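Go ahead and model the full structure; you've got the sequences and the hints to work with.
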Amino acid sequence: MRRLAPVLALGALLLASLPAHASDGPAHRESYGTKAPYAPGQNPHAYQKAPAGFVPVFTENVSRHGSRAASDSEDGDLLLTLWDQAEAEGQLTRRGEEFGPKVRALQAAMARTGYGNLSGRGKRELKDTAARLQRRLPSLFAGIARTGEKIDVVSSGQGRAVESADVFAGTLADADPALRPLIGPTRTDKDLLYFHKAAGGAAYRDYIANDQRLKDTLNGITDQPRTGRAARSVLRRIFKDAFVERIPDRFAAARAVHNLYAIAPAMREESPDGAGWGMERYISRTDAAWFGYLGDAEDFYEKGPGFAGSDITYRMAGVLLDDLFQQVEAKRAGTSDLGAELRFTHAEELVPLAALMGLPGSTRPATPGSPYTYSGNPWRGSDVSPLGANIQWDVFEKDGRYLVRMLYNEKETPFRPGCRPISASSAFYDLDELERCFGRA
526 MRRLAPVLAL
536 GALLLASLPA
546 HASDGPAHRE
556 SYGTKAPYAP
566 GQNPHAYQKA
576 PAGFVPVFTE
586 NVSRHGSRAA
596 SDSEDGDLLL
606 TLWDQAEAEG
616 QLTRRGEEFG
626 PKVRALQAAM
636 ARTGYGNLSG
646 RGKRELKDTA
656 ARLQRRLPSL
666 FAGIARTGEK
676 IDVVSSGQGR
686 AVESADVFAG
696 TLADADPALR
706 PLIGPTRTDK
716 DLLYFHKAAG
726 GAAYRDYIAN
736 DQRLKDTLNG
746 ITDQPRTGRA
756 ARSVLRRIFK
766 DAFVERIPDR
776 FAAARAVHNL
786 YAIAPAMREE
796 SPDGAGWGME
806 RYISRTDAAW
816 FGYLGDAEDF
826 YEKGPGFAGS
836 DITYRMAGVL
846 LDDLFQQVEA
856 KRAGTSDLGA
866 ELRFTHAEEL
876 VPLAALMGLP
886 GSTRPATPGS
896 PYTYSGNPWR
906 GSDVSPLGAN
916 IQWDVFEKDG
926 RYLVRMLYNE
936 KETPFRPGCR
946 PISASSAFYD
956 LDELERCFGR
966 A
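Just so we're aligned, residue 526 is where the sequence shown starts under this note's numbering, counting upward by one.
Quick caveat, the hints were computed from the structure, so don't treat them as lab data.
What you are looking at is a predicted structure, and each value in this text was computed from that prediction instead of being measured.
Any given hint could be a false lead.
Pairs of lysine-lysine, PhoX-like flavour, derived with a Cα cap of 20 Å [unchecked claim]: (1) K627 with K765; (2) K574 with K936; (3) K936 with K652; (4) K923 with K574.
Quick list of the computed label-pair ranges, beta carbon to beta carbon [unchecked claim]: (5) P946 with D847: 19 to 27 Å; (6) A777 with Y640: 15 to 23 Å; (7) G799 with G639: 41 to 49 Å; (8) T860 with D597: 39 to 47 Å; (9) A633 with D924: 53 to 61 Å; (10) R961 with R629: 52 to 60 Å; (11) E960 with G639: 38 to 46 Å; (12) R793 with D957: 40 to 48 Å.
Cβ atoms here follow ideal geometry from the backbone N, Cα and C, with glycine treated the same way.
The following block contains the structure:
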């Protein structure tokens, strides 16, 4: 999170930013932002049946890796340095006395898992999603096994994405061993699935590094009096007041507490007896909601819909949208021997793809002078790209006609406005209509 000179003109516009759900409880998903653990969005029994005579012939996905350990030990290291000093000086609250040992235990668990690697929960999320895919389309996978079609598996090449791909594909193979020889080894395509760091992301990286409007906007959101009050409130649960006032960067310290609070659910299976880490004891509901909002604001402007009139944050996702279409088009043309295309990537790719496609929650950029707020915009990191988030296209065929159904986090989801389903309220779209709607015809 950037810390620059205040932009006072924005401050008054942001006072209503705290989410209305702040009192719903410390585990409210909004407070976790894009670190929220995965949950499927719909009961599979409620999925619509394909129209009469249509059979599944192909499926593809774009999946974020599952729940993981923190990327590094920076937050825990910062807080333990402060905690050790406060303990030596007798400046811990009664609650704060418990905090250091819990952080050390969480840090040790993440080190054993490997920083940035999938946690037990993350592996289970991928296994469960793969199992539901197979149960959703049993005849497709039986047909793949019978005809010898291939299942292509591709990742960004980053460890947690590779592991997610391997866990997902392995689950399919375990459920039906006849699929195992048909599943290719996980291959790497950074241009497709790590595009924010590849050649196609050069303009985006320049925007992140140098765009003054971005810097000013994020500064104006962060540097509000409410942030200072929330930071003191968080730290006073752990440290005595006199010590809190001596901390040079209270915002950084409080944000570190929130970061550990947000990652703790992803590491639940590694906690003692799987009971959880209890990090919600060290941050109130309203403070967790505020820091969750600040994280969402950064992701909104750096990965999501961003500023009205600019597509810099999501234009580069076109390579991924193109690949979704190209795979289906190749199936229709008879030039593909694939039964499934499975992709595994990161929030930096999935969030822009959601904005490019106009998926629910990702349709409204922020206009100049009206910064992103929870009260004024539906975008939420916990909904758009929780850990394990996914976009899936199921393809059905009858007499040479191809239909596509989209699932977003396993919820049947309409394509963007202007795309016409085959009938009112149907989840199925003619491929020709999608090509027209997305300008591919």
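These are the hints, each one checked on the structure:
About 18 Å separates the Cα atoms of K627 and K765, which keeps this hinted pair within 20 Å; it holds. Simply put, K574 and K936 have alpha-carbon atoms about 14 Å apart, close enough for the 20 Å limit, and the pair holds. Restraint check for K936 and K652: the C-alpha separation of about 18 Å stays at or below 20 Å, so the hint holds. Note on K923 and K574: the hinted pairing holds, with a Cα-Cα distance of about 14 Å set against a maximum of 20 Å.
The given range of 19 to 27 Å is respected by P946 and D847, whose C-beta atoms sit roughly 22 Å from each other. Remark: the range hint 15 to 23 Å for A777 to Y640 is upheld by a beta-carbon distance near 19 Å. Between G799 and G639 the Cβ separation comes to about 19 Å, which falls outside the hinted range of 41 to 49 Å. Take T860 and D597: their Cβ atoms lie about 44 Å apart, and the range 39 to 47 Å holds.
Here the CB-CB span from A633 to D924 is close to 60 Å, well matched to the stated 53 to 61 Å. A hinted range of 52 to 60 Å for the beta carbons of R961 and R629 is consistent with their spacing of about 58 Å. Checked against the hint of 38 to 46 Å, the C-beta distance between E960 and G639 comes to roughly 43 Å, which is consistent with it. Taking 40 to 48 Å as the suggested C-beta distance range, the pair R793 and D957 conforms, at roughly 46 Å.
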